[in-house]
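In the numbering used here, the protein residues as written are 474 to 766.
The hints are simulated quantities; they were obtained by calculation from the structure and are not laboratory data.
Beta carbons are placed, not taken as given, at the ideal position from N, Cα and C, and that holds for glycine.
One thing to keep in mind: the hints can contain errors.
[As the list claims (entries may be wrong)] The calculated BS3-like cross-link candidates involving lysine-lysine, where the alpha carbons are at most 30 Å apart (straight line), are:
| hint | residue 1 | residue 2 |
| --- | --- | --- |
| 1 | K666 | K764 |
| 2 | K504 | K573 |
| 3 | K562 | K610 |
[Unchecked claim] Label-pair restraints from in silico Cβ distances:
| hint | residue 1 | residue 2 | range |
| --- | --- | --- | --- |
| 4 | N689 | Y529 | 42 to 50 Å |
| 5 | Y561 | L698 | 38 to 46 Å |
| 6 | E677 | F525 | 29 to 37 Å |
| 7 | F549 | K573 | 45 to 53 Å |
| 8 | D575 | K666 | 50 to 58 Å |
| 9 | K697 | R496 | 44 to 52 Å |
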Amino acid sequence: MEKTAEWNKQFNIGVDSIDHAHRKLFSIVGKLIHLSEDEHNGRWACAEGIKFFKNYAVKHFTDEEAYMQSIGYQGFEMHKRLHDDMRYKTLPALEKDLLKSDYSQESIHHFLGICLGWLTAHIMIEDRAITGKVPNKWKKDNAGKSVIVLEDTLASTMQKIFGLQTEIVSEHYNGEDFGSCIIDRLTYRSEEKKKLQIFLVLEEGLIMHTVSSMLNMPITKIDKLVANAVRELSQQIADQTVLRFHLSPQYRLESNHLMTPDQFQQELSAEYFDYSLLFNTGIGYFAFCAKLR
474 MEKTAEWNKQ FNIGVDSIDH AHRKLFSIVG KLIHLSEDEH NGRWACAEGI KFFKNYAVKH
534 FTDEEAYMQS IGYQGFEMHK RLHDDMRYKT LPALEKDLLK SDYSQESIHH FLGICLGWLT
594 AHIMIEDRAI TGKVPNKWKK DNAGKSVIVL EDTLASTMQK IFGLQTEIVS EHYNGEDFGS
654 CIIDRLTYRS EEKKKLQIFL VLEEGLIMHT VSSMLNMPIT KIDKLVANAV RELSQQIADQ
714 TVLRFHLSPQ YRLESNHLMT PDQFQQELSA EYFDYSLLFN TGIGYFAFCA KLR
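Based on the provided sequences and hints, a complete structural model is requested.
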């Protein structure tokens, strides 16, 4: 992996017990990154290390929640939902992928990339918000029926188009790195000038598998043909979502453009997303993000 996990004093939020736990979590990830590069014994050492990371992270969430309650932190409920998403969806889904792949290097890198990205963003924004250093990002949560409908819609669409079963990894995707991807932004606009933007982040392995299946020939690189196929597939996924939410009579597609990872990160940083989901298809990961303004 290209990333390293190093402690930076900027990650300190000013609460000793929490800062200590964060340093420990980064230390564990750093050791796991090093072990993952060992092609001979790394995956077995990583298996034990990942179990330790998971147990330590879950204990830390409980301790941090107790601290938030002790100071009467107003953002407690939303913060706990972010922890619960990691506890009950992301970590179990990643662990399932690890077991299914027999701790392949790819699945280990998925685990480390997502956990490292989640920790960094969560500490720098949500945890620092506990002590008032910055405002929290997730101001509201569209959890509940609408998210279930969206998850079902995407699962059904991915089954029809890609022939793949999907599993939810996170209901609060925040741009965590899960490998080389193509990112498509689709903009819809209503007659009242309201804008709906949908972002699809598709892992290259998923793209290669899908386009290879479509053409019945091996695809080994992302070229113009593949990029155009991605744009068309993304539009079909987005159109199905708009249709399922009964938005198609009001909203028409205005543009469909591929974007760079840096451009996508700028979008994530600039404004709250109404929906931001991460899925695993067994062939590769994909994220679906949407904002309605």
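Outcome of the hint check:
At roughly 14 Å between alpha-carbon atoms, K666 and K764 fall within 30 Å of each other, so this suggested pair holds. Between K504 and K573 the CA atoms are separated by roughly 23 Å; this keeps the pair inside 30 Å, and the hint holds. Taking the CA atoms of K562 and K610, the gap is about 20 Å. The hint holds against a cut of 30 Å. Here the CB-CB span from N689 to Y529 is close to 47 Å, well matched to the stated 42 to 50 Å.
Judged by the Cβ atoms, the range 38 to 46 Å given for Y561 and L698 holds: they are separated by roughly 40 Å. Checking the proposed 29 to 37 Å range against E677 and F525 shows it holds: the Cβ atoms sit about 31 Å from each other. Separation of F549 from K573 is about 35 Å and departs from the stated range, judged on CB atoms against 45 to 53 Å. At about 52 Å, the beta-carbon gap between D575 and K666 stays in the expected band of 50 to 58 Å.
Taking the beta carbon of each, K697 and R496 are about 46 Å apart, inside 44 to 52 Å as hinted.
Violated hint for the displayed structure: number 7, the only one.
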